[in-house]
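We have chain A already, so just place chain B on it with the hints.
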Amino acid sequence: MRLSRRRLLGLGGAGLALAPFVHRLSGEARGSGSGATRLVVFFTPNGSAPTSWRFDDPDTLAIRPGPGSVFDPLRGTERWLLPLTSIQLDPAGEGHAGMASMLTAGSGTSIDQIVADAIGQDCRFRSLELGVETSTEPGTTTTRMVYRAGSFLAPDDDPRSVYRRLYGSAEDDRLRDRRSSMLDIAAEEIAELHRQLGHEERTRLDVHLDSVRSIERSLHGSDTCEAPGQPDTRSFPDDLAAQVSLAVHALACDATRVVSLQSSVSGSNVMFDWLGQTASHHGLSHEQRPDAFVVCQQWYAAQFRALLEGLIDTPDPHTGTPLIESTAVVWVTEMGDGRLHTNHDVGWLLAGGPFRTGRHVDATGTTHEQVLKAIAGVMGVPEPELSTRRPAMEGLT
Amino acid sequence: MIALLWGLGIGCAEHTPCVGEDPQPRALRRLTPTEYERTVSDLLGVDASGRGPDVGDPQVEGFRNDARATTVGQVLADRYRAVGEALAQEADLDPLLRCDPRTTAEVECATSFVHAFGLRAFRRPLSVAEADRYVGLWQEVQQTDGFEQGVRWVIAAMLQSPHLLYRSELGVQDRRGQFVLTDWEMASALSYTLWGTLPDDALLEAAAAGELTRTEDLTSHIDRMAADPRSSRVVVDFVTAWLDLDRVSAVDRDGMSAWHAQSMRDETQERLLTHASGTLRELLVDGELLTDRSLLTVHARASGSSPVHRGLLVRERMLCEEIPEPPANIDLSIGGVDPSATTREQFAQHADNPACAECHQFLDPIGVTFEHYTQLGVYRTEERGHPVDARGELDGVPVHGVAELTTALLDDPRLRTCFSRAGRRFASGMHACGEDVGPDVPLLSTLAELPSTPGFRVRRGDPAEGDTLAIAPVGE
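Chains as they are written, first to last, in numbering that gives the first Met the number 0: chain A, 0 to 396; chain B, 0 to 475.
So here's chain A without its partners, still in its complex pose (with noise of 0.2 Å):
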């Protein structure tokens, strides 16, 4: 179903009136564990800090208010949240190397791809893989988390590239065909160039050939939806929140499915300057001054109810109803407790309608891998091979 414009821009006006004021004052938990059509995958490094990351009461989400705890800036949306602790990273690399398998469980293809292939073949962007100050670092285990077959998936680091690629060819068919053309002939020769290879260069030019024809794909159909304000500022703090309003767009516009948003890499040597630090956020994640790092870890808890609240803010193009009833997001992070580097208490926080919410769940004795299957069921995807034959973590919806 494609909407047109102005169906869209109406159904906007009323659900974005009507449907935020409800949810924020009702007290009940919102999630009703069912109808999850797209999928956020958030990304912050280093861990966190264990004394932030405490629930009083195991069963009520009791969210710890002032300075200490990195939920602070998420209170009034605990009714979307459903935090996980103690979740033990495995299979994983040591450290920093977590990374690398936090969304693959060292199966070579990220869940979020496993997710993408199920559900995003039918928008003009299978997934869309953002980043913040990731293609400063080169590529390696520590760096990058989407990947398929064993390759990573650069994200797009540049907010006007993402702008560019989602609403750049829009306008003018006549450029559109300019570019079709192009794209084929270079399609064309790849494919050429593939029947002339050895076995191992073919699989690189097979990534080649794929990625000229998502391209060619995107250009067709960008229509559902009018373009929002272009992006132009350079800064980390910019940039991500330039990101997430890209998200949460290119989601309603059904422009994509699935969306991975990574801001910087593990062992980030982002100095968070604008907040008067000067360690790099991995210095202070191993010192963990409460009055350091934990500031940082909530400056990124802002930016992830920034998130939260596009999606609560925005209707879904098909329903009408906010994006969030029907978004499963997913804050993860590669290690547990950051100064320490462990590889178990992880972390990671579950929101959105597709998840029972509005509680904490407990998660000792169960591996990430298990909480991977349990998002990739919640998206359709129920038995999805990674590593192991551990089952899925159960007790999300």
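Bear in mind the hints are in silico, worked out from the structure with no lab data behind them.
Here the structure is a predicted model, which means the values were calculated and not measured.
There could be a bad hint or two in this list.
Said to hold, decoys possible - Coverage of chain B stretches by chain A, computed from C-beta distances (three or more under 8 Å per stretch; other residues unrestricted):
#1 21-28
#2 76-82
#3 129-143
#4 157-171
#5 299-308
#6 445-454
No residue lacks a Cβ here, since even glycine has one placed at the ideal position from N, Cα and C.
What follows is chain B alone, placed relative to chain A:
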């Protein structure tokens, strides 16, 4: 763990084939961002520096130009598309067109452009089928937008072509089943290895005349290219990649601004260019490489100097020895130590704790010789009111400060072997073995050595390929 450290050091302990000892496999090598910039600059007569798409290539054995790992994913493909379209619109067409569409039939003019421009873009002649495709694109565009736009879209399309984006070292299979590089592929290999860009007219002419098969002609081309200042750029690229110097633009350090990073980058480029035509010893001694601000800034903590990072620089990048990552689940913080103590004193707990000392005994004693330099590479004689102590050691040999470390490294066969291995790895994009080339080896020779080796032309195929690949590449 100790055995592991030394076992993987020099040479090739495992059976992975390595450049320098084993025949090279055939390969299709994607241009690096820098090679792309130079290629399109030379092709179009524009300055495309800083515009080569870079989405963070995989790092393999410390280098980001791995022949097998570099791919074109969706984001990169779209960047190529965008920059290709933009450059095609900016280019001055007059020098590129060899005919005047007002006096020659437009289609003839466009066709001759496709062949002439295509020859340089693909570094080989176009096949008839290939040329037809581009002429077809020109015709499609010119019907609505005229001759000039037709030409510009041909340029944009060629800038997306795999034949431009990859360097072909595939070869043609001979009767014995081995793959032999063509003259065109040799021209390309020479120019990218020695100049980091596409072949010049002299090389293309030599390829067309079949001269690059003859050893004496090959040698004279290599000599000509080595004498050209463009060869210095490649040496700069190599040393930059070897010691990870360009990360100075990516790291955050206390007291650092964007302006700072740029000035360090420029200073490092200048230093490397000045010594690029010299030897390894000249670069380290006259060039005072170990006091380079980019080097000291990249290999540091955000908030201070780091004996660990600088020890790792020497061990891993300069001696080719592997140090394992710190294990998970241990407290790596250096908090709780006296904040008024010097960096050296704070890191001393690595030696006091046996679990840390197991690895840090190989790092910190080297790293402390850099203690005169802050996280921004600024020289200091005091730290927090205490005089700096830069006395360390390299595997039992006492070393005081970076000047003595430089001497000790040049005397060490491990450095010279590692340098050779790094050069071969950079030039080939593949796992390589080194040999002790001595401290007075010219920097360029470690790169130029490969294409001048007789075995360079003959490539090994995939064992699984069998006889099915006897396809002459287009253009032959």
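Check each numbered hint against the structure and report the violated ones by number, ascending.
6
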